[in-house]
Amino acid sequence: MLNRRNFLKLGAASAATGLAGTAVMTRAADMHAWGNQDFSPKTGRERKAVPSACYQCVTRCPNVTYVEDGRVVKIEGQINSIRSEGVMCAKGQGGVNQPNDPDRILYPLKRVGARGEGKWKQVSWDEALSELAARIQTLKDRGEPEKFMFHYGRMKSSTSKMVKTFLGSVGTATIGDHTSICEGGKWTAQELTWGGHYDTWDFDHTRFVLNFGSNVFEAGTNHVPTSHRLIRAMAERNVRMVTFDVRLSNTAAKSSEWVPVKPGTDLAVVLAMCNVVMSEDLYKGDGEAFLSFCKATGDNHAGTEEKVAALKAHFGQYTPEWAEKISGVEADTIRRVAREFALARPACAISYRGAVAHYNGNDTERALQTLAAITGNIDNPGGRCKAVGPKWHSPKGPKDLPKARKLAILDGPKGAAALPTHHMSHNVLKMIKEGSAGRPEIYMTYKYTPIYANGETQENIEILKDESLIPYFVVCSPFYDENAALADLILPEPTYTERWDWEDMVSPVQIPEFYIRQPAAKPLGETRDFGDVVCELAERLGTPLGYQTKEEFVRLSCEMTPEVAAVGGFEYMKQYGVYHDPKAEPLYFSYRKELKPEAYEKDSVVYDAETGVYWDWKKAHAESREAALEKGYTHTKKSYTGYVGQRIGDKVYSGFKPDKLNKSGYLEIYSGLVEEKGFPPLPTWTAIPEHEKMGPDDLIMTTFKVATQIHSRSVNCKYLTELYHKNPAWINPVEAAKRGIKDGDEIKVKSPIGEIITEAKVTPAINLGVIAISHHCGHWEYGRYASGNKAPGGRDDDPDLERIWWRDDNGMHPNWIIANSPDPINGQQRWMDTVVQVSKT
Amino acid sequence: MSESKTQVSRRDFLKKLASGSAVAATAVAAPGVAISVEKPKRYGMLIDTRRCVGCEACSVACKTENDVPLGETRSWVEFIEKGNFPNVSRSFLPRLCNQCEKPQCVSVCPTGATYKRPEDGIVVVDSDICIGCKYCLQACPYGMRFINTKTGTADKCDFCLHRVANGLVPSCVNTCQGKARIFGDLNDPESEISRLLATNTTTVLRPEMGTEPMVYYIDADHTDERDAARQGLYVRIETHRRQQKRV
Amino acid sequence: MHELNWGLPVILYLFLGGMGAGAGAVSASIFLRSGGGDLAGSNFRFARWGAMLAPPLVILGTAMIVLELGSFQAGNWFRFINLFLTINLSPMSIGSWVLALFILVSLAYAYTFISKAARPGDELHNMRKMLAWAMVPLGVGVALYTGILLGAMPARPFWNSPILAMLFLVSALSTGVAAILLVRSLFGHKQKVNEQAFEQHSYLLSSSDMLLIGMEILVIFLFVMYAHLTIGSVEEAVAVIMGGELTTLFWFGFVVLGLLLPAAIELKYVMPTLLYQKAYAMPRTMEILICALVIVGGFMLRYIVVIAGQVTGPVGI
Ligand SMILES: Nc1nc2c(c(=O)[nH]1)N[C@H]1C(S)=C(S)[C@@H](COP(=O)(O)OP(=O)(O)OC[C@H]3O[C@@H](n4cnc5c(=O)[nH]c(N)nc54)[C@H](O)[C@@H]3O)O[C@H]1N2
Ligand SMILES: Nc1nc2c(c(=O)[nH]1)N[C@H]1C(S)=C(S)[C@@H](COP(=O)(O)OP(=O)(O)OC[C@H]3O[C@@H](n4cnc5c(=O)[nH]c(N)nc54)[C@H](O)[C@@H]3O)O[C@H]1N2
Ligand code: SF4
Ligand code: SF4
Ligand code: SF4
Ligand code: SF4
Ligand code: SF4
Ligand SMILES: [Mo]
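Residue numbers (the working numbering), protein chains in the order written: chain D, 1 to 841; chain Y, 842 to 1088; chain S, 1089 to 1405.
Each hint should be verified, as a subset may be incorrect.
[Stated by the list, open to error] For lysine-lysine, the following DSS-like pairs were computed, each having C-alpha atoms within a straight-line distance of at most 30 Å:
(1) LYS1020(Y) <-> LYS705(D)
(2) LYS957(Y) <-> LYS726(D)
(3) LYS391(D) <-> LYS522(D)
(4) LYS414(D) <-> LYS1086(Y)
(5) LYS1086(Y) <-> LYS726(D)
(6) LYS42(D) <-> LYS957(Y)
(7) LYS651(D) <-> LYS391(D)
(8) LYS1020(Y) <-> LYS583(D)
(9) LYS42(D) <-> LYS975(Y)
(10) LYS42(D) <-> LYS943(Y)
(11) LYS660(D) <-> LYS430(D)
(12) LYS840(D) <-> LYS738(D)
(13) LYS42(D) <-> LYS880(Y)
[To be verified] Quick list of the computed label-pair ranges, beta carbon to beta carbon:
(14) LEU1074(Y) <-> GLY678(D): 45 to 53 Å
(15) GLU236(D) <-> ASP1065(Y): 25 to 33 Å
(16) ARG237(D) <-> PRO927(Y): 43 to 51 Å
(17) ALA1352(S) <-> THR841(D): 28 to 36 Å
(18) GLY1331(S) <-> LYS48(D): 26 to 34 Å
Hints are computed from structural coordinates only; laboratory data are not their basis. From a predicted model like this one, the values you see are computed outputs, not experimental measurements. Where is the CB? At the ideal position from N, CA and C, for every residue including glycine.
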């Protein structure tokens, strides 16, 4: 008989050999290293570690990608990153599924059947690019390069630079982005108030967080860098957070307090908070001091007392009691939270799409900027700060190109939005259909799926299927998404784990971080980085860009960027992936920098007495000094590009530098620009028209994101989709009972543009009057993990394909019934405003 | 820190032996070096649920690190949503193998494939020996075990032994957004986990099972459906455990 | 739903293993009680039926569980040998050894019965007798083990009771007797040595079966009562047969069909003999019916217990 003890030892020994000897402690230290090293659980061998960057979501965290036998097998956070500090979210972890997706497109595909029929022919790159280049050449030859429309989604950093250089070389400015379906409206509101967009939230130093419609723990455009700091602040420093959301998001759940708000009424609440701060004199102190950098009346030279009086007068009408009637939030709560926010110091006001993707979103964000301003929580440690990111230098590309031409289809119908500084991507297809501003003959999408990501799915499909509206449709993507399924030509890109880039996302610590993305493995099949593709296209079109590949572009940029070059340039970046200046100080109060006279006493700089702005008319391409002075800063086209500084009293400050709009160097609470467009200059309550006309049984449908999916682009990640593959509609038990709906029932949700059938999740974790549906599910393409449908050329060698246990349980996309309709000021798509009728099927 | 610990005096060593905790103390004689004694480790994890944001990065990290087939889970996060509107809460309970001090899975295993490593207390499955009888699946009070379809043998969290043995934290710890998971040696009073255990009120799951878990929680939500029913509360527990409900 | 890691193969294993062990133990004890089979041939025949039944049933059951092994399903056909490369305190380890021993001994025991006639002086006799002495404890051991296997785990409150082993033992013996009676009345009528002795032994078996059923009812009563009287996990788990999803199956499928009905029928035929010494005469069809009921009941018991144990678990977290 075998001795049990001996046997166990045997067992232990064989377990150890199973792990190739690693089961023996190789380090005596008790402190286990955090990361940047990994071993195979099967062979025990150390895996090759490649410092790179995530591209699952827009945050683009630095990562370390591990490779075994040439295959990407594991991804971790980068401990040397000051942004992520080595941690990583579920989506980043799931990124390992991207390169290994059996439904990836590996070869250029040309449509052979009818559009959308799903019949494809594999073609060579040479054939694909000859065809595309010939078509572009034809347009150029005809003098109509603008009929080549390029429509991109998350195209960032080096790729963006290269592609835009290429498009410039072609001569088209019919370049659309996706920002208006994202958070473009928030940016416009920021451009109106403090100039350039992007607010970062200084959670490391804050004492209180006031949140309107940001799901910071599950989503957010700077997700990991902000969320891990926020939870740390809450856990270690007892920072309180109050979250206004229509439902109990995980963020609301982790908050000290969740305040359910009626959709689209955050504006009323914020206005009432401004009322409390002004009427209770809580602005005194930092807020009052900050007012000298604000414009709060029509007069740019008004004194602080005048400003206070104007604000008191304006916000006087918005009492908490008034806001309670509109928002359903108790006046006492508003008062209490407003006081807490104003007194916490520093406190951080945060907001995202829940607050801005509405008819009145522009003023919601402006009101929030105001609230932060009058409490002195702008660009200060612990407050709402102006973004700080790395400034990469890069090759400029061909010079002396003719001015690019553009079709006027990017900003929606005339008059639909007053200041669509981030266009109206959700109306591009409508504009093409309507046709009065011309139609592109080549429509190309890149990292954007208008069919799935925009509202009115059915109409998008019909337009993109119609060859008379869009004669040639090119899609560049690694995956067979709903968009690609309708293309004429698919150019397969490698996944982000197989690509080069320099990266530049903003830093939550106000210190810029330089980082790169580098291929961890060779691109599969014949996939080609679109950066390389545009180089070849440019070459074929006779306007070479001056570099041949993305790698070369990244290398050159590393050498041209002083900070990076100083530490070793490209080689350093390849080895370490990230760099920040260890001696750098966080950048706060950038607006307070005083300018030296030589900066504004230059010849080309003129002073605009009305606004107090110094600006460089040459830089702004004004006709002449005289014309500049005569037309003035505000009314010269793109004068903001020549902005130098703002005179306040007897000093000139760098101020709040404008971007995209000719605003002054003040933080403009009072906006002359919107006033000119016929909207109230100070943040003002505007009701959502459809909500005013709601019947007693109507509900408002809102949408949201979950921590384990990214839009449409992660559903092919099996580990993520295993966790989240269906998106039942959240509905409050009271609303459900009224309609005889029980948890799990099939329900019909009907909006003015259509109806969907989906499943109900009856939960008290959502406000009355609301139904909320996330937008990641209900795919009909994107491969087998997403929809059950195989992509052309899909492989069968992944045994997990047999184990998909959520087949036929893929959820329902809400965008079929959401109209493509803009915020009238900034053009932002109104994701959260849809009025619906809900019933049991 | 570790240097001092390898030089344990003979008396200390005997004391430990006498108290029975130096189970697998190994004496290693190296040329020119006095006999040094490696004190056995007891790896444990502390999950501070106050810091857990329910991001499920740990679950996905675990799957990718250990190549866990679809439909099977070594680790998951439970969402416990309770209350009546508008007083609703949702808390998160990350779950993994407790590496129990008295592991039921070990006591029932007929082949010895499952055993508790004397040197560090990690409960592991030797997949070369396991016959897949599923006895241990029945015996674990926490529903941690499953038959890995690729190997046909029992599988579960092993504290990422292949990483830990190489001086790295487990994968779920490495990725944890909230840094809610603290991993370390419970036998080392200086370790972060020991210090936190000493200064916080902690609980373990199902202590009445007598398994003496090595995974501790701060502020864990122990609510189950029965508690909620008793209190007339709505409760919904989404477990994310192998597509099924909490067991 | 909880995972059902153990399905039909394990249920069949517990059932067939129990029945085979029961038949073996009963066979041996009849054999030994009748003085080593030198009594009139029908005792010997009884014992012979049991001896013949035991190994195939147990082997079949064991084969079943091999099918359920993950290693077997994954293509490692002979990995189960690992069971016999060690021995430890796991009930499954001990059980496997006992089972293996039982199979060997029962095969040898069956071998000694190859010859149909009982010859006290025959060569095999001593061996048969010796083996019979081993068969009783081994059979009881295997039968008990099937219960201990399940009962060993606090994580499975429905199973976690020493009474379960008793229940399985009694059930194993009762199904074992029923199995012998069944084959005997199916195939054994032609070989009657004499009518009276045949009925006499039927009577003995039926009445002892009745006794076993009575005990089984008692054990069931204890099982349910104790479970019901406690609080927490066990009470919660037993709720599945006390108003939960398996209630009908348990009370009707097992208690009524498998215990009460056969017991009542047996009572009807046994009582007159017992009380008034009337000649015992049960119609053959009735005998077959009773046996079938007892056997189906035995299967039901394993089925319900195996499922119930897995769909319930510890409460709280
Ligand atoms: N996991 C994950 N992370 C992501 C993304 C992703 O797809 N998945 N996408 C990235 C991108 S591109 C973006 S733009 C960001 C978006 O990041 P967020 O804007 O923070 O996320 P959303 O879920 O779009 O919306 C935030 C919240 O608004 C709430 N809400 C809806 N209507 C209202 C309302 O009227 N008032 C209030 N107060 N709240 C309301 C929703 O319930 C939701 O919880 O996330 C980025 N990060
Ligand atoms: N109802 C509702 N709709 C929404 C939202 C919402 O909250 N509710 N959120 C909106 C927001 S915030 C945004 S930002 C948009 C996002 O919408 P999109 O910009 O369309 O973003 P994705 O869906 O993430 O990805 C678009 C496509 O990019 C392709 N892709 C993925 N990886 C790569 C790659 O590496 N290279 C290339 N070339 N292509 C790739 C895939 O084919 C994918 O379909 O959706 C919006 N839509
Ligand atoms: S936040 Fe976005 S970029 Fe960062 S790890 Fe997660 S998915 Fe990747
Ligand atoms: S949690 Fe379960 S599997 Fe893990 S050691 Fe304890 S009993 Fe074994
Ligand atoms: S399945 Fe494997 S590890 Fe579990 S008890 Fe059986 S032999 Fe042991
Ligand atoms: S320690 Fe490793 S195996 Fe265990 S849950 Fe964490 S990642 Fe999974
Ligand atoms: S990774 Fe950390 S924060 Fe995220 S769910 Fe897991 S334990 Fe919680
Ligand atoms: Mo977005």
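Against the structure, the hints:
For the hint pairing LYS1020(Y) with LYS705(D), the CA-to-CA distance comes to about 23 Å; that is within 30 Å, so the pair holds. A C-alpha spacing of about 39 Å is found between LYS957(Y) and LYS726(D), which places the hinted pair above 30 Å, so the restraint is violated. Between LYS391(D) and LYS522(D) the CA atoms are separated by roughly 29 Å; this keeps the pair inside 30 Å, and the hint holds. Simply put, LYS414(D) and LYS1086(Y) have alpha-carbon atoms about 54 Å apart, too far for the 30 Å limit, and the pair is violated.
At roughly 16 Å between alpha-carbon atoms, LYS1086(Y) and LYS726(D) fall within 30 Å of each other, so this suggested pair holds. As the CA atoms of LYS42(D) and LYS957(Y) are separated by approximately 20 Å, the hinted pair is consistent with the 30 Å bound. Of the pairs offered as hints, the one joining LYS651(D) and LYS391(D) holds, with about 28 Å between alpha carbons and a cut-off of 30 Å not exceeded. With a CA separation close to 26 Å, the supplied pair LYS1020(Y) and LYS583(D) stays within the 30 Å bound.
Annotation: proposed proximity of LYS42(D) to LYS975(Y) holds, straight-line Cα distance about 22 Å (limit 30 Å). Distance hint between LYS42(D) and LYS943(Y) is fulfilled; the C-alpha atoms sit about 27 Å from each other, no more than 30 Å. The hinted pair formed by LYS660(D) and LYS430(D) meets the criterion: a straight-line CA distance of about 25 Å does not exceed 30 Å. Among the hinted pairs, LYS840(D) with LYS738(D) is consistent with the structure: their alpha-carbon atoms are about 11 Å apart, no more than 30 Å.
Restraint check for LYS42(D) and LYS880(Y): the C-alpha separation of about 28 Å stays at or below 30 Å, so the hint holds. The given range of 45 to 53 Å is respected by LEU1074(Y) and GLY678(D), whose C-beta atoms sit roughly 51 Å from each other. As the Cβ distance of GLU236(D) to ASP1065(Y) is approximately 30 Å, the hint placing it in 25 to 33 Å holds. Distance hint check for ARG237(D) and PRO927(Y): the Cβ-Cβ separation is about 27 Å, which falls outside the suggested range of 43 to 51 Å.
Between ALA1352(S) and THR841(D) the beta carbon distance is about 52 Å. The supplied range of 28 to 36 Å is therefore violated. Checked against the hint of 26 to 34 Å, the C-beta distance between GLY1331(S) and LYS48(D) comes to roughly 59 Å, which is inconsistent with it.
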